[in-house]
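Place chain B on chain A using the hints.
Number of protein chains: 2
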Amino acid sequence: MKILKTIEDLKRERQTWTGTVGFVPTMGYLHEGHLSLVERSLQDNDDTVVSVFVNPTQFAAGEDLDRYPRDLERDGRLLAEMGVTALFLPDNREVYPEGFSTFVVVEKLSDVLCGRSRPTHFRGVTTVVLKLFQLVRPDRAYFGQKDAQQAIIIKRMIRDLHLPVRLVVLPIVRDQDGLALSSRNEYLSKKERASALCLPRALSGARFMISEGVDDASRVVERIDKELKREEGVVVDYIAVVDLKRLEPLQTVLADNTLVAAAIRVGNTRLIDNFILGEI
Amino acid sequence: MKILKTIEDLKRERQTWTGTVGFVPTMGYLHEGHLSLVERSLQDNDDTVVSVFVNPTQFAAGEDLDRYPRDLERDGRLLAEMGVTALFLPDNREVYPEGFSTFVVVEKLSDVLCGRSRPTHFRGVTTVVLKLFQLVRPDRAYFGQKDAQQAIIIKRMIRDLHLPVRLVVLPIVRDQDGLALSSRNEYLSKKERASALCLPRALSGARFMISEGVDDASRVVERIDKELKREEGVVVDYIAVVDLKRLEPLQTVLADNTLVAAAIRVGNTRLIDNFILGEI
Chain A
1 MKILKTIEDL
11 KRERQTWTGT
21 VGFVPTMGYL
31 HEGHLSLVER
41 SLQDNDDTVV
51 SVFVNPTQFA
61 AGEDLDRYPR
71 DLERDGRLLA
81 EMGVTALFLP
91 DNREVYPEGF
101 STFVVVEKLS
111 DVLCGRSRPT
121 HFRGVTTVVL
131 KLFQLVRPDR
141 AYFGQKDAQQ
151 AIIIKRMIRD
161 LHLPVRLVVL
171 PIVRDQDGLA
181 LSSRNEYLSK
191 KERASALCLP
201 RALSGARFMI
211 SEGVDDASRV
221 VERIDKELKR
231 EEGVVVDYIA
241 VVDLKRLEPL
251 QTVLADNTLV
261 AAAIRVGNTR
271 LIDNFILGEI
Chain B
1 MKILKTIEDL
11 KRERQTWTGT
21 VGFVPTMGYL
31 HEGHLSLVER
41 SLQDNDDTVV
51 SVFVNPTQFA
61 AGEDLDRYPR
71 DLERDGRLLA
81 EMGVTALFLP
91 DNREVYPEGF
101 STFVVVEKLS
111 DVLCGRSRPT
121 HFRGVTTVVL
131 KLFQLVRPDR
141 AYFGQKDAQQ
151 AIIIKRMIRD
161 LHLPVRLVVL
171 PIVRDQDGLA
181 LSSRNEYLSK
191 KERASALCLP
201 RALSGARFMI
211 SEGVDDASRV
221 VERIDKELKR
231 EEGVVVDYIA
241 VVDLKRLEPL
251 QTVLADNTLV
261 AAAIRVGNTR
271 LIDNFILGEI
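These protein sequence lines are chains A and B, in that order.
Per the numbering used here, the first sequence starts with residue 1, numbered consecutively.
Per the numbering used here, the second sequence starts with residue 1, numbered consecutively.
Treat the hints loosely; a few may be bogus.
[Stated by the list, open to error] Straight-line distance between alpha carbons at most 25 Å, and here's what the computed DSS-like set of lysine-lysine pairs gives:
| hint | chain 1 | residue 1 | chain 2 | residue 2 |
| --- | --- | --- | --- | --- |
| 1 | B | K191 | B | K155 |
| 2 | A | K11 | B | K155 |
| 3 | B | K191 | A | K108 |
| 4 | B | K229 | B | K146 |
| 5 | B | K108 | B | K146 |
| 6 | B | K11 | A | K155 |
Simulated from the structure, these hints should not be mistaken for lab results.
The shape of chain A in the complex, shown without the other chains:
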């Protein structure tokens, strides 16, 4: 596996890949969720590039940029063992040199759900993803459904800007206790982790309710809210039942076009989870 630290290195290597290229952009501290994306990219493409870059523009002041967990050695070892072609590891100066001032914004979709509590977050995501797409020029890019809103926004950006890349969204990978894998789970104390389980439990309850025929979105929200509020030390950020294209609130759950998503805070840690009916 090549380890590429500069844009020039990446550009030079890119020219040698003449088949299909798969791309998995990450912030590192890889877990089985990331690895499922890498695995699939390796199956689908001649070459696979993984980037590890903790992107400062998607963190607001006061968020966890500085303490975001990092373990480059382990990440590199795992990816090399899997047979990844190249690991792109740029530093901040490489991605955002002096004078940098261009941003890509997907309006509306970026302002709701997670965008409401993190107003500049998705702008940072779309900007860095567009930059990486231009450099890697992948045929396919792999994202996890865990960040459903992110995947939906990137899909919109790809369509609006005519980017020649296919988005592949893969299912949420969960730990044995049901918690969706996230690098941020690292922050949780044992007690907080136990509390955090209310999130998958609430969503799984809502999913069951819908499968039993309930399609009133407000009842679904209520059910989730009740389950989350029962748990001490958990603060609800949002609960949303929205359509998969515009992320607009639904009154009635649609069998093929619904995102049910929630975000909570447990102590200092913000966690998200979701399920979908239909396809991103």
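Positioned in the frame of chain A, the structure of chain B alone reads:
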């Protein structure tokens, strides 16, 4: 010359161009300024694509979108005679389909000079240019120095987003009376046109002054201001002496990094002109 009206048509044709591709994006109603860009693209590249699209997102409400001059038949004839490979003529729905919501913004550079009186203008420009770049995938793109700020912003966007295209900026083409060619000159009455000549006259005076050794930017601005204000019926929008990279005001004119630009209103028509020391 192929006339391509849909994105699908353009994508299909694009696959058949295997050499270098030059691209001249325009809003049509072509004049010698546009044609100088086309001429140069034809010299530099195996294939040349010209787009004619009066881009609604770069006009604010109340601006001249509806009355912007159009003459597609003449534009097509001129380009065909010159030997252009393809003319891309999308309509609004093709470029901005329902649900469109992604915008590219170059911060700071888009907020000054023309951006001060037209706050959403450059966002519209960078968005449509990025879209066109993704579709045409040109090796070189040609812009006129008449819209110096636009060229500087696009240069920044290309660099920031790693777009694989080379920007070529060509000199302002002027009419015999000195007025910089612009599709908007069409709006001027005979009397307004005579008044408008204060703009090239003022800039040419400033240029002479600098060539004689004056490097105090405030004196240059004063000289231009005096010349413009002498003309009845002319309203000064801005006069700027700024550096070519950041568009920040200069105290001292720099021999290799200065843009001297001005915008005026003559009746309902807004006109811009400039000269540079150095290179965009």
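For which of the previously enumerated hints does the structure constitute a violation, in increasing order of number?
1, 3
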